[in-house]
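Visitor: Each chain, letter by letter, is given below.
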Amino acid sequence: SQQGEEDPQALSIQEGENATMNCSYKTSINNLQWYRQNSGRGLVHLILIRSNEREKHSGRLRVTLDTSKKSSSLLITASRAADTASYFCATPPRGYSTLTFGKGTMLLVSP
Amino acid sequence: EAGVAQSPRYKIIEKRQSVAFWCNPISGHATLYWYQQILGQGPKLLIQFQNNGVVDDSQLPKDRFSAERLKGVDSTLKIQPAKLEDSAVYLCASSLGQGYTEAFFGQGTRLTVV
Chain A
2 SQQGEEDPQA LSIQEGENAT MNCSYKTSIN NLQWYRQNSG RGLVHLILIR SNEREKHSGR
62 LRVTLDTSKK SSSLLITASR AADTASYFCA TPPRGYSTLT FGKGTMLLVS P
Chain B
19 EAGVAQSPRY KIIEKRQSVA FWCNPISGHA TLYWYQQILG QGPKLLIQFQ NNGVVDDSQL
79 PKDRFSAERL KGVDSTLKIQ PAKLEDSAVY LCASSLGQGY TEAFFGQGTR LTVV
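Line order of the protein sequences matches chains A and B.
In terms of this note's numbering, the first sequence is residues 2 to 112.
In terms of this note's numbering, the second sequence is residues 19 to 132.
Do not rely on the hints blindly, as some may be mistaken.
[As the list claims (entries may be wrong)] Some chain A residues near chain B, calculated using beta-carbon distances under 10 Å:
{"no.": "1", "residue": "LYS27"}
{"no.": "2", "residue": "THR28"}
{"no.": "3", "residue": "SER29"}
{"no.": "4", "residue": "ASN32"}
{"no.": "5", "residue": "TYR36"}
{"no.": "6", "residue": "GLY41"}
{"no.": "7", "residue": "LEU47"}
{"no.": "8", "residue": "LEU100"}
{"no.": "9", "residue": "GLY105"}
[Unchecked claim] SDA-like, lysine to any residue: derived pairs with alpha carbons at most 20 Å apart:
{"no.": "10", "chain 1": "B", "residue 1": "LYS62", "chain 2": "A", "residue 2": "VAL45"}
{"no.": "11", "chain 1": "A", "residue 1": "LYS104", "chain 2": "A", "residue 2": "GLU18"}
{"no.": "12", "chain 1": "A", "residue 1": "LYS104", "chain 2": "A", "residue 2": "PRO9"}
{"no.": "13", "chain 1": "B", "residue 1": "LYS89", "chain 2": "B", "residue 2": "ASN70"}
{"no.": "14", "chain 1": "A", "residue 1": "LYS104", "chain 2": "B", "residue 2": "ALA106"}
{"no.": "15", "chain 1": "A", "residue 1": "LYS104", "chain 2": "B", "residue 2": "VAL107"}
{"no.": "16", "chain 1": "B", "residue 1": "LYS62", "chain 2": "A", "residue 2": "ASN53"}
{"no.": "17", "chain 1": "B", "residue 1": "LYS62", "chain 2": "A", "residue 2": "ASN32"}
[As the list claims (entries may be wrong)] Pairwise CB distance ranges (calculated):
{"no.": "18", "chain 1": "B", "residue 1": "PRO26", "chain 2": "A", "residue 2": "LYS70", "range": "41 to 47 Å"}
{"no.": "19", "chain 1": "A", "residue 1": "SER59", "chain 2": "B", "residue 2": "LEU114", "range": "27 to 33 Å"}
{"no.": "20", "chain 1": "A", "residue 1": "LYS57", "chain 2": "B", "residue 2": "ILE56", "range": "29 to 35 Å"}
{"no.": "21", "chain 1": "B", "residue 1": "ALA20", "chain 2": "A", "residue 2": "GLN10", "range": "33 to 39 Å"}
{"no.": "22", "chain 1": "A", "residue 1": "GLU54", "chain 2": "B", "residue 2": "ARG34", "range": "30 to 36 Å"}
Don't read these hints as lab results, they were simulated from the structure.
Backbone N, C-alpha and C define an ideal beta-carbon position, used for all residues, glycine too.
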């Protein structure tokens, strides 16, 4: 069954603006991972946050994790047209090794 | 470091025909995943291998799909016979560990069943 769900389904912003997308999950996790998929290509790993971490940064990316609410957010600051892609969260359930994905958030960044 | 290699990139077949996809994971990666991604949806896990053993194949339609991982390295995914609803991108990914570390994806094989 699907573990993680991204929200919103679609997001349209202007270059330079920040983009925030969220992920909710159902069961306890080992870690939470965010991936990006450009149109018609494979997924690319962006960032991994462990269940005992609350916030993590990587370049223009900021990820937060709230295990009490079973949710995570991905913030992309100063977005660029090249950030246009679909973003997915993956949440391996604690005790399991399966890496499953939600339906993703489709981000469109206009010049 | 070489990435995950998949072939072919594109395949068009008629329904009821058979097709096979090949994946070569990153060297040293014990875990290998096959995903099916239908247009507009997220990747759906079909099967997960740890070395050459199956960890999870609960969503693999076993009446028509089969997969194997040879000597814990390369893997093939076969569909026989194909249905129209099998049209999708088939993604292979590998990782060092079982869901505890990042997965690296290949470019995928786009299958069209007509």
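Visitor: Could you tell me which of the numbered hints above are not met by this structure, giving the numbers in increasing order?
Guide: 1, 2, 3, 11, 16, 19 and 22
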